[in-house]
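Use these hints to put chain P onto chain B, whose structure you have.
Okay, here's what each chain looks like letter by letter:
There are 2 protein chains.
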Amino acid sequence: MFHINDNFTKIPQSYLFSDIAKRVAAYTQAHPEQSIIRLGIGDVTRPLAPAVVEAMKKACDEMGREETFRGYGPEQGYDFLRQAIVQNDYHARGIDISADEIFVSDGAKSDTGNIGDIFSRDNVVAVCDPVYPVYVDTNAMAGRAGNLNVEGRWDRLVYMPCTAENGFAPAIPQKRADMIYLCFPNNPTGASITYEGLQQWVDYARENGSVILFDSAYEAFITEDIPHSIFEIEGAKQCAIEFRSFSKTAGFTGTRCGYTVVPKELTCGGVSLHALWNRRQTTKFNGVPYIVQRGAEAVYSPEGQKQIRETIAYYLHNAKVIREGLAEAGFTVYGGINAPYIWLKTPDGMTSWEFFDALMEKAGVVGTPGSGFGPSGEGYFRLTAFGSLENSIKAIERIQNAVRN
Amino acid sequence: MFHINDNFTKIPQSYLFSDIAKRVAAYTQAHPEQSIIRLGIGDVTRPLAPAVVEAMKKACDEMGREETFRGYGPEQGYDFLRQAIVQNDYHARGIDISADEIFVSDGAKSDTGNIGDIFSRDNVVAVCDPVYPVYVDTNAMAGRAGNLNVEGRWDRLVYMPCTAENGFAPAIPQKRADMIYLCFPNNPTGASITYEGLQQWVDYARENGSVILFDSAYEAFITEDIPHSIFEIEGAKQCAIEFRSFSKTAGFTGTRCGYTVVPKELTCGGVSLHALWNRRQTTKFNGVPYIVQRGAEAVYSPEGQKQIRETIAYYLHNAKVIREGLAEAGFTVYGGINAPYIWLKTPDGMTSWEFFDALMEKAGVVGTPGSGFGPSGEGYFRLTAFGSLENSIKAIERIQNAVRN
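Each protein sequence line maps, in turn, to chains B and P. Mind the numbering: the first sequence is residues 107 to 511 in this note's numbering, read in order. Mind the numbering: the second sequence is residues 107 to 511 in this note's numbering, read in order.
If a hint is listed, it holds; no wrong ones were tucked in.
For chains that are exact copies, the list does not tell them apart, and a pair is met inside one copy or across any two.
When the alpha-carbon atoms are kept at most 27 Å apart in a straight line, the in silico DSSO-like pairs for lysine-lysine are as follows: (1) Lys426 x Lys451; (2) Lys412 x Lys426; (3) Lys128 x Lys370; (4) Lys412 x Lys164; (5) Lys116 x Lys370.
Hint data in this document are derived by calculation from the structure and do not stem from the laboratory.
Excised from the complex, chain B in its bound form (with noise of 0.2 Å):
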């Protein structure tokens, strides 16, 4: 008989959003009347920049054209993507990074996932807690996470817990870590990282012989002075790989497209994991459609850039609507400056769960219980900024007036 992967069965079947949508599902049915508004999604609502509409649009006559018919593409992209790519979000920022170290994909998700096939099964991974669950689930089922404890951590895996005592920073690992994912701005805790903090795990990846795998699909939503990139960081060339998405930044989510950075300069034992990389996508992948490259081409053009700046503006004005009227309604806040998650901390004492029943009922307002994205996301709550305005104003009176009453 053949066998399957047994670490998939180690993984337990992710109830999160099933098991929201279950509780909002019994609720409104016992309560018709009450509207709810719902702030736990993370997924973009505003429709795609005209530019990148048009863009689109005339790469599918161009595909309805024999003249203009384009059949494979490279696996990695084509040129006048990694190009725009390049120029805009690397050497505009004076980074150095070449066209052929971008490889497109169909998003962060996918990338985040897979990279793990370019590495061997022995490698100790480190996880922020809380955590985005892609991290860990896929090296579950690569046989990295090892077996889940009763605590629900995995016993190979380095948790790094992120919480209000810390700062939401992770502390650098006493276990060696060989494998350490970071994400900044951070999903789900809305926390970012300094230069000098970036560096530190730069200095520490370098001596102790670590890979950083550095998601920054919220980069647009940056408005201080911090890093966009992790490759702003002195050596960060030779000890990271950098994922990057249009997802958020241009409302992608349907659109699917991403591109992942691998530096050539990224060795291990004299092995290029550029080559390496590039061998598992030109095997495994055949690229995004073209018609999608041309939409995300259209993002880097002046009219797409204008019309992608409003609709992040239109984001983080919800996050500060709804960070600055949950602290005065005496909540403890964090995040939502420069990313669109707002974090926070359950009053009185609350789990996680307590708090998602007690706000949709006294305020019929949806969010994500923080114990859903690891143990130490216990007793934090996550709201996002991808509602409309109007919800997100009408979220806050509502939390407000519960709170008063």
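Just chain P, lined up with the frame of chain B:
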């Protein structure tokens, strides 16, 4: 120091198509007067069907309006597309597959590569020889292929030779195989399989506890009464996974959409492979662009069907021109009836590469040496029907003239 996946370093660089490109470049530089016709490429050249282009442009517009914008879609694909697939590709042929057994993806290359994630490294893998290189290389990356021996064969793989002697039909392996890759109609040989032939494989798999990974990417080119899907075979739902693609069916090589069928009846030790693949896809993939899924849906509309059938008929006519023209010129030819590939025996005991050079120099026609697809491809040569009719005719005339002179 972190460790890489050492299996990657065992895989030879795939020089086939770059070797071809280099030889062609060197030849054309030396003979600038000679025009070259390329019949080596496995990529389509005809534009997308108008129905597909219109559907995608409409979807682009929807993405640009707040009321119709779509963010994250279901990782498994939108229901509208899964329903269209199951009704047209399965129910219409009397095959009992349900929509939630369909996983929409960015193509069969990704899926045939990624499917390995859900299987143990211990499985014995069987592949046809010659073969689509993705099956071999992805198993080598996962550690299932062992080491490459001096003859260019991996020592843990079971090779099933497909040559003129056995009518390009792989024989049931003597050694037990856990995972068996089959592709019919076949790339590169253009061979097809009968109902009886495929029933033998399903019976073998069920008796031996094997899983068949069935690639039917070229199903749309079938002209005879042979199976379009492995699920037309009794018992296949207990032992097979099927991969399909819009790439060759509807010219989607640059538009990227395919799907994989994992029947719920397929289990291993009580574990559902459908559940495992669902877990893999929801964790490491975020779905196909909404725009592309609307394009794929339009393939099944009455106009879409008419348009893609015309294009397939065009390619099949090319195949006939090439096949019959080569036969007239005295070559022994195979394939080209239920597949866009013509597989020919090199004359006079020439190696595949000797014939490549001769064909380029004497006729200005470029094809693909059969040895590039595996050791048993030596002495064979692949031409494809994906060029223009004009070039297909001209190539045959040149070859016939070259043979006469």
